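Asks: Work the whole structure out from these sequences, hints included.
Sequences listed follow chains A and B, in order.
Residues 1 to 225 in my numbering are what the first sequence lists, from first letter to last.
Residues 1 to 458 in my numbering are what the second sequence lists, from first letter to last.
Fair warning: there could be bad hints in the mix.
Unchecked claim - Using 25 Å as the maximum straight-line C-alpha spacing, the simulated SDA-like pairs for lysine to any residue come out as follows:
hint : chain 1 : residue 1 : chain 2 : residue 2
1    : A       : Lys201    : B       : Thr385
2    : B       : Lys333    : A       : Thr193
3    : A       : Lys187    : B       : Thr385
4    : A       : Lys187    : B       : Ile281
5    : A       : Lys101    : B       : His241
6    : A       : Lys187    : B       : Arg9
7    : A       : Lys101    : B       : His398
8    : A       : Lys101    : B       : Leu272
9    : A       : Lys101    : B       : Lys333
10   : A       : Lys101    : B       : Asp320
11   : B       : Lys300    : A       : Phe182
12   : A       : Lys187    : B       : His398
13   : B       : Lys300    : A       : Thr193
14   : A       : Lys187    : B       : Leu247
15   : A       : Lys187    : B       : His431
Unchecked claim - Not everything, but these chain B residues come out facing chain A in the computed CB check (under 10 Å):
hint : residue
16   : Glu114
17   : Gln293
18   : Asp325
19   : Thr351
If you're looking for bench data, these hints aren't it; they were derived computationally from the structure.
None of the values given here were measured: they were computed from a predicted structure.
Beta carbons: idealized from backbone N, C-alpha and C, even for Gly.
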Amino acid sequence: MRILLIEDDRRTVDYIMRGFTESGHVCDVLADGRDALFAVTRDRYDVIVADRMIPGLDGLSTVKAMRAAGVQTPVLFLTAIGGIDDRVEGLDAGGDDYLVKPFAFSELLARVNALGRRPPAQEQRSVLRVADLEIDLFRRLVTRQGQRIELQPREFKLLEVLMRSEGRVVTRTMLLEQVWSFNFDPKTSVVETHISRLRAKIDKPFERQLLHTVRNIGYSLHAPT
Amino acid sequence: MHRLELLRRTPFRLALSFALLFVLAFVLSGLVIYQLMRSDLSQRLDEAARENFSVMAATYGDGDLEDLVATVDSHAQLTSPKEQLFSLADADGRHLAGNFVAGNPPDGLSVIREGRAGLPEGISYRVYSGKVGGNRLTVALSYAQTEALESLILMGFGWASTLVALLAVAGGAWLASRVQRRLDAVAATLGDVSQGRLHARIPLMGSGDDVDDVSMQVNRALERLQSLVEGMRQVTNDIAHDLKTPLNRLQIILEAADNKAAAGESVSGELLEATTEIIQINETFAALLRIAQIEAGARKARFADVDLDAVVETICEIYDDVAEDQGMSLAVKKTLQGPGGFIHGDSELLTQMFANLVENALRHCPGGTNVELSVRRDGDRIVATVSDNGPGIPPEEHEKVFRRLYRLDKSRSTPGSGLGLSLVRTIADLHGATVMLANRNPGLVVSVDFPASGPAEA
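Replies: In structure tokens, the structure reads:
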């Protein structure tokens, strides 16, 4: 993917650039909001990662101006300003996701991947399929190898999020946000517990494992390779 | 205070302007009254002159000139020329009677100015003259009395004006200085505050007037400011205190790693340890900032009606399996079922609050513990409880556990920032709710007492 990073801190830039390049992405860096605004109207990017506090034009205004100019590229705000209201402000301004510094690169990568391949809204399918696992979002049915699997509502939602991100890592924090609407980090094993319940239902009875744990980062659902 | 400075003060300027306006109004109305009285007096004088004339003329009614002469002479003798003058002359202008020679005044009313030869000095007269038979009868009345009256009025009025002016200015100054003193007190208090003495408050008069009102509002704002600043100070102290420990550990870990690296050994274990410490530090930071942000109250703008029942049910559903995995049970014992369970609040924060309470129970209780959630109505309050039959908390610790970063001695070994319950209290405060702990032997009941947003319904 081609990623535009709008960030002025040299160390952060180096750290993120190296990570993106190693993951096979192309990454351009601009330190100034006005330059960035010009760049996005000229070049096509798949994802924009924007710091909120940058010289020239601050990140929030840059993204607002971008949206006003009709640029639809997904934007992830990367910032030290991490309050709930700042988060809302960022999303209202046209951001698609929000990651608070300090962050782990794996978290950033997972989120950028999710944004970059997020299917357009009109392509919403009602049946998702990963290998022999099938989930019917409309009738709320889950089957594997044709066998019905009964899931609790929360487990169903969890599976849906994982299946939508097939093959990509979904971090624990992303799951907390999307499945539980928790914008805080619970001190107990809410995610782990539900993952293990889900695994017991969709993976345990079958030979091949689809739900994989990515250590210290999150989870990924994909066919065995 | 400098004199010119005083003139720039609003109360003094107001008082002075009002005093001047008042004096001006008084003088103006005085002038009007004076004018009215003057015209009334001169009218009376005219009438008196005319009447005297007709009384005398009447004596000539039957054409007897002797009588008229006698009357005029007797009148002239009976009165002082300073008050009245009489003159009777025949058709040829010869003086017949009276105490002055009138000359040839016009018929009807006229005036003799002061200073005419042969007349008392300094006196003007009002004259009425007319023909009686063939003779000219002239009656003149002195202006002296009216003038004396007029000057009396003028003098009285002058004194009154002076008195009014003095009273107005002095009274105004007195009132102004009262208000000024109170404004000075406000200014002094705010000066104190800007010097950092946040406990300073404006003294109230207790009269409930507008200055008191404003003072009360300012005091309330100061109260809030003080508590925020103290909260901030507290947070800063807490952060400094609580982060020093893990930072110190981090330093030790890194030194050890450095030594190992120098010796050519692998440092991956130290790096993992360091990462864990940093995550912990970040979490503590995030929690403290979150508390501080909620305390700032900005979220109140997004309050809506929230069904507490639903929040509690969701929490139970989310943590049900977690509890089961730890060999405990979690259940909703009782809810209100229906619209009676609505409160005004932020559902995200309320979810976090109950999540914290349930997590506390799950983390500090041994296996086999039952945790129960309930929501009940108590008049216009809605009480939500999280209760367990675990080990409980000693009563003397009940208040302390809400403090930031406070942890019971025995829980120092379990993970946690010591911020969970202070966050609970912060969220409760934002919702106007009170949090209480009670022992139930065995176990602990945490109740959160909310004001209901609507009436109870069956």
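Asks: Now tell me if each hint is right for this structure.
Replies: The hints, checked one at a time:
1. A:Lys201 - B:Thr385: Judged against 25 Å, a Cα distance of about 33 Å means the pair is violated.
2. B:Lys333 - A:Thr193: holds (23 Å)
3. A:Lys187 - B:Thr385: Since the Cα atoms of A:Lys187 and B:Thr385 sit roughly 20 Å apart, the hinted pair holds (cutoff 25 Å).
4. A:Lys187 - B:Ile281: holds (14 Å)
5. A:Lys101 - B:His241: Holds, because 22 Å separates the two Cα atoms, which is no more than 25 Å.
6. A:Lys187 - B:Arg9: violated (61 Å)
7. A:Lys101 - B:His398: violated (35 Å)
8. A:Lys101 - B:Leu272: Given pair A:Lys101, B:Leu272 holds - Cα atoms ~20 Å apart, limit 25 Å.
9. A:Lys101 - B:Lys333: violated (41 Å)
10. A:Lys101 - B:Asp320: Distance of about 32 Å is beyond 25 Å: violated.
11. B:Lys300 - A:Phe182: Answer holds: B:Lys300 to A:Phe182 is near 19 Å, not above 25 Å.
12. A:Lys187 - B:His398: Answer holds: A:Lys187 to B:His398 is near 21 Å, not above 25 Å.
13. B:Lys300 - A:Thr193: violated (33 Å)
14. A:Lys187 - B:Leu247: Between A:Lys187 and B:Leu247 the Cα gap is close to 21 Å, so the pair holds against 25 Å.
15. A:Lys187 - B:His431: Roughly 23 Å separates the two Cα atoms, so the pair holds.
16. Glu114: violated (91 Å)
17. Gln293: With Cβ-Cβ at 5 Å, under 10 Å, it holds.
18. Asp325: holds (5 Å)
19. Thr351: This hint holds: B:Thr351 lies near chain A, its Cβ roughly 7 Å from the closest one there, short of 10 Å.
Hints 1, 6, 7, 9, 10, 13, 16, counting from the list given before, are not met by this structure.
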